[in-house]
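Asks: Next come the chains, spelled out residue by residue.
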Amino acid sequence: MTDNLPETTHDDHAGVAMQEPIPDPGLPAHEWRPTDVDPKAEKRAERQVAGLFVLAIVGAIGFIVSYIAFHVGDNPDTIGNLGASNVALGVCLAVTLLAMGAGMIQWARKLMADHEIVEMRHPASSSQEDREAAVSILQTGLEESGLGRRPLVRNTLLAAGGILGLLPVIMLRDLGPLPGDKLDHTIWDLDTWNAEMKAWWATQNRTLQRVVRDVVGTPIKVTDLEIGDLVNAEPEVLFQTNPDTQAPLVEGTDLLVDKSKAAVILHRMLPSDIVSSQTLNWSVDGIVCYSKICTHVGCPISLNERTTHHLLCPCHQSTFDLADSGRVLFGPAARALPQLELTVDEEGYLAARRDFTQPVGPSFWERG
Amino acid sequence: MSLDTSKIADTNKDRPATAKKPNRAGAVAGWADDRLKLGTLTKVFARKVFPDHWSFMLGEIALWSFVVLLLTGTFLTLWFTPSMSESAYEGSYTQLRGVPMSDAYASTLHISFDVRGGLLMRQMHHWSAMLFIAAMFVHMMRTFVTGAFRKPRELNWVIGSVLLLLGILEGFAGYSLPDDLLSGTGLRIADGLVKATPVVGTYMSFFLFGGEFPGDVIIPRLYIIHVLLIPGLLLALIGAHMLLLVFHKHTQWAGPGRTEQNVVGYPMLPVYAAKAGGFFFMVFGVTALMGALLSINPIWKYGPYDPSKVTAGSQPDWYMGIAEGLLRIMPNWETHIWGITISWNVMIPGQIIPFVLFGMIIGWPFLEQWVTGDKREHHLLQRPRNAPTRTAFLAAMVTVYGLLWAAGGNDILATHFHWSLNSITYFMRVAIFVIPPIVFYVTRRWCIGLQRQDNDRLLHGYETGIIMRSAEGGYTERHLPISEASAYTLTARNRDEIHQIESDVDENGVAAPDTRVARIRAKLSRGMFADNVQKPTAEELEEARHHAEHEHELETGLDHPAAGHEFDDHQLRDAGDVPLRQH
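Residue numbers (the working numbering), protein chains in the order written: chain S, 1 to 368; chain G, 1001 to 1583.
Since the hints were made in silico from the structure, they are not lab data.
Keep in mind the model is a prediction, meaning the values are calculated, not measured.
Don't be surprised by glycine CBs; every beta carbon is placed ideally from N, CA and C.
Hints should not be assumed to be uniformly reliable.
What the hints assert, rightly or not - With a cut-off of at most 20 Å between alpha-carbon atoms, the simulated DMTMM-like pairs for lysine to aspartate or glutamate come out as follows:
1) Lys-1375/G / Glu-1260/G
2) Lys-1048/G / Glu-119/S
3) Lys-1048/G / Asp-114/S
As the list claims (entries may be wrong) - Each pair of labels, with its calculated beta carbon distance range:
4) Leu-1243/G / Met-171/S: 26 to 36 Å
5) Pro-1220/G / Thr-192/S: 21 to 31 Å
6) Arg-1545/G / Ala-29/S: 22 to 32 Å
7) Glu-1539/G / Ser-127/S: 36 to 46 Å
Please model the complete structure; the sequences and the hints are all you need to start from.
Replies: Following this line, the structure appears as structure tokens:
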């Protein structure tokens, strides 16, 4: 079969037939493998393949035994922090699968016929005849439908199809509410509170919302912070409960949404280190308060350089100067970190004088 | 015409002794064939020929890891709860007991600590996702660098590219599902990217998250995208990819007897069925080993998502690395004008450049075809050196990828090597424009050098390592001709043609239409192909052979196999042994 392969000239492009410098010598003769000619080698290969399949069976039994013997439980730390059950099941499964795979491949390589076969290719295109037939069929169809002759039918159909396509798009409208001005305010703004929160606030007899420690919710006095300290903080309302029901005022998704905008950091430095007058005016004894949400794409910023008052975002390394209005020193963020105007309340705890004066977090079109 | 009577028993009965008993398998096959015409299908496809080469296995790794993904993923769906409803954790993992968390996170913990084999399946699922995308990348590079995308396979190139893109999206959706701190941070960044879209960004974000970020619908929405929508598309496109592969028949490397008109290799049944089937188990097995021994995404260490928390050194899965790198090295450009904000610093790296890069890759086959004007089908692969510009383009793209990847880990580089984070970022901002062109130039010259070497081997033979001393005292190295098969393989490639514009003006002296386009095309053609080394012609080979014979005549008498080796161990075997190597 190899002898009558066409002697090809690949370079007949553009009608320039150029002779191949070296003619195709044709497929080399088939070489017998040891397993083809030596019965001993063949027997050995057969035993290897069967041995691998037996190993696969052993692995599968090991898997079943491990499944019964090991408990996952609460301790993932055994065997190199991987968990005994995980390692045992995984290794047994791997042995089974790899042995099966290796057995099949060894079988194919050593024992199955290894004669190469030649198959001829055919052009991917249809024959010229078929093409012409296809065109005439399509034309017949076009004519018989009258699509070309009846523009009124055609155009109204197109219009109907187009508007039908619009319906699913319209139906996506209820995927979410419209943004409104939601991104402009945070829960630092008492006006955004619901009735339950306001009822609680009425019992407090205070005018300013405290800045409290994250996680625990304890209020903070100026003297609690050393120079260079960085504290993660939240508005106090997030930690309060309804006095009647003892249920948290904010929980679940609402809590996450509020945290994603209202989270702040407190940092104390020497008042003399503060550069900008706004930063100084909005600070209390060298304590400044900034939004924790990066103005780039919204990661919480937390890496503090104690001596330089620089704050670094761990996601994309934007760096902000806390001594100078949160201005961007480095990295992809374009806008300064919004500062929260800080003061102390009647009982001497740190509190916010008002909401941020600009939207926090990543930029968006309507932000201005 | 003589009958083969060997199978007929030598009795006088009228039926052959080996008559087949009606058996069950045959009956089932017959039943099916009556309805499905399976016989014809089997006849056509069962002995279909596939050529053999290690690089043809790369796509297979992608295919089999997809199967592993389907199997392990289905297992995970039996326990995973795609819900963001919150409750306090009560499961086996003591450190998180009592912590409020979403059902998604709690059920992922449940799979990891309370379902036997659950952690194994989770880790295998994640590892095979990484393998899937990595294998697609490498398979795609192989296809690119060997010109396997040329006619008639351009559509399969496009399908493959879309598969890669879908695979990456699928991976992102998947690792966002557990709702742990790391995946939540990824979603937060995605939200930032969406919000940077001009005009509709805020609306898109609110519609995607069902309100303000993070909302309570994103996990169930991503879940249905992850387990139904994208896998469905992937399955359909993989099906189309394989159908086209079978229809076009696989490409092959040139060699004796392997031409543009045929395909030489082993048949589907039994060799490839066994090899490919076996390889599926190998891929599956390696994934199982990885799941057993290599910890991945230990979500219990990250804790549930909290938008006010993040860990230093947060990194996405590797295939998101270049998007991460782009975001990190982009200068902080933002425009505030007429009360609106345009975030170039997020839009360009997040929404524009990735698609430009993707477009360049998807479009290259069409550019190349336009420049060469080549309308022929190509079934023989090109060695990377024989398409220097294309190979260099890929090398430059890989460099861009590598640089962005490194830039995506600039904090890790800074902490591990004690480099300045800022310096790395500044370096990357410049390097991304400077290094790829250098790599392009070097690779191209390298390829051309290799082409020259091929021609040397054809014309002058290979270097034997035997040094000859002439009567005058000069030294030369003996060259011997390479084997006919090797020589044929080296020459089994097309000559490049440079496209020329015939004339700027038509026959009336008027500027010809489309001259500008034609000029660009000619220029590109020159740039891409003019420096390539073409294979020698028959005359050149003949001349070289004459020359070599002449040399050999001069060397007669000196030409005995032990030359130079009388006193060492390197005794040649027989005079008949030359050529020394078969290359």
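Asks: Now tell me if each hint is right for this structure.
Replies: Hints versus structure:
no.: 1; hint: Lys-1375/G / Glu-1260/G; result: holds, 14 Å
no.: 2; hint: Lys-1048/G / Glu-119/S; result: holds, 8 Å
no.: 3; hint: Lys-1048/G / Asp-114/S; result: holds, 14 Å
no.: 4; hint: Leu-1243/G / Met-171/S: 26 to 36 Å; result: holds, 34 Å
no.: 5; hint: Pro-1220/G / Thr-192/S: 21 to 31 Å; result: holds, 27 Å
no.: 6; hint: Arg-1545/G / Ala-29/S: 22 to 32 Å; result: holds, 25 Å
no.: 7; hint: Glu-1539/G / Ser-127/S: 36 to 46 Å; result: holds, 39 Å
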